[in-house]
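Participant: Position chain H against the provided structure of chain X, taking the given hints into account.
In order, the protein sequences belong to chains X and H.
So that you can map any letter, position 195 of the first sequence is 195 in the working numbering, and since no number is skipped, the others follow by simple counting.
So that you can map any letter, position 46 of the second sequence is 265 in the working numbering, and since no number is skipped, the others follow by simple counting.
Hint data in this document are derived by calculation from the structure and do not stem from the laboratory.
No residue lacks a Cβ here, since even glycine has one placed at the ideal position from N, Cα and C.
Hints should not be assumed to be uniformly reliable.
[Stated by the list, open to error] Distance ranges between label pairs, derived from CB positions:
| no. | chain 1 | residue 1 | chain 2 | residue 2 | range |
| --- | --- | --- | --- | --- | --- |
| 1 | X | K11 | H | K309 | 34 to 40 Å |
| 2 | X | R184 | H | V335 | 42 to 48 Å |
| 3 | X | S113 | H | Q237 | 31 to 37 Å |
| 4 | X | A48 | H | I376 | 54 to 60 Å |
| 5 | H | P337 | X | K143 | 37 to 43 Å |
| 6 | X | L128 | H | F244 | 43 to 49 Å |
Read off the chains here:
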Amino acid sequence: MSGPNLNEYNKVIPRPNDFLADSQKDFLVNFQQLYNAFSRNHIALDAASSSGNHTKIELLQQPQGPETSVGEISLYSKKLVQVNQTTTQLYHRYQGGASAGTEVQLTNYQLYSPGALEEGLVSFFTFLPGGLILYFGIINFSKAPANSLYLQPYVCTNIMAYNFCVKGTTLFADPTVVFINTERPPIITRFQAQPAFNIPVLPAFPDVEYYFIVLGNTT
Amino acid sequence: MTYSPITPQSQPSPSATQAQIQTNFAQYALKFLVNHSALNTKNQGDHEKVILENQIGDPGVINDQVTLFCKDAGSNFGGTQPQLFAQIRKFLPTPGDGHDAPNVGMQLTESIVNTVGPNQFQSFLPGNYMLYFGTVTATGTVTLVPAPTVIHVALAIPNNLTSPGTPIPFSASTNITSNSTFNIISNSTGVFTITWIAIATA
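Next comes chain X alone, as it looks inside the complex (with noise of 0.2 Å):
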């Protein structure tokens, strides 16, 4: 006969002694709630084609990442604490047998497009797995605020690598920069153009564009 919850699934039924009759409203529901399980993330069960393949993956945000055996990889979610955000992002775990394999953060912050920031600032970001996050656009230090190359979002807590190129037919001088974390400790908010990259002859800070590339992480 039915648990105490009639609306929900019930493992335990028919019991020994139920006539179809009795047991009717326990098959129903059980059936009823597999179907609608299943098909929170799957094609329904009786769909015509492709029954049993997924529509969506939801990863519910998991306490920690879960043990892989070997021959195993896992995909799941985990709370994200770092300084200007906390998130649900998405975790890979690897092979790990006895104990659990090494986790890698697959995914970082929200992608969305800066675009135009700043005079003199165009900028994006993508993210890479690991935590790191990568800036990348066109930054002119005569025109920008403080002649500096602002690292929007405010996320990045330690410089990897950076490169910059004049953009143009023009040869002109790399830049010579330096980062600024004092703003928004831990934060690096901006790179800024120091007036000693220039050659005397010409203005402190040249009206010159650059192809910027930053690499940093956000832990």
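Facilitator: Only chain H this time, still in chain X's reference frame:
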């Protein structure tokens, strides 16, 4: 006979309903097996593979979770093809980032990579970006293959792989000339290798 969640009915006799009940149990096991380890096996319930059917739009995320799904995405070289997306819960704006960005799905894949070269390679970055990189000798025009929609940045880095120990006597600049080409300009007078990196929207 297919799965029927409205079985059994009250009126038919047990003998008339038995077949549908058995079908339901059998069909569930069969459909479950499509992407998961089969019932009654050691790893039952685990995924063995995930085949994602193309979705029309983002599924939406309300809970603390990540949703992976497949959706059509366009590129200049591959037309419109299903790609893998991830959607996270909306958390912007924050005190540190005032951008009120919606939690739209983030495209994680593209349809092509090139790890063979020999002088040009490409992979992809989340957000419908392509990462091209390679080398050229001295100056010239780089043509990205396959051609992306738009090149955002192109950086040329003078190296000196052909003459180790010799200082690099030149600088380089780049000039994007189309959706798939950029020029590398330098004042080099010899044969030097210039490494380049370009990021583009697919």
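Participant: Next, verify each hint and record whether it holds.
Facilitator: Outcome of the hint check:
no. : hint                        : verdict
1   : X/K11 - H/K309: 34 to 40 Å  : holds, 37 Å
2   : X/R184 - H/V335: 42 to 48 Å : holds, 43 Å
3   : X/S113 - H/Q237: 31 to 37 Å : violated, 59 Å
4   : X/A48 - H/I376: 54 to 60 Å  : holds, 56 Å
5   : H/P337 - X/K143: 37 to 43 Å : holds, 40 Å
6   : X/L128 - H/F244: 43 to 49 Å : holds, 46 Å
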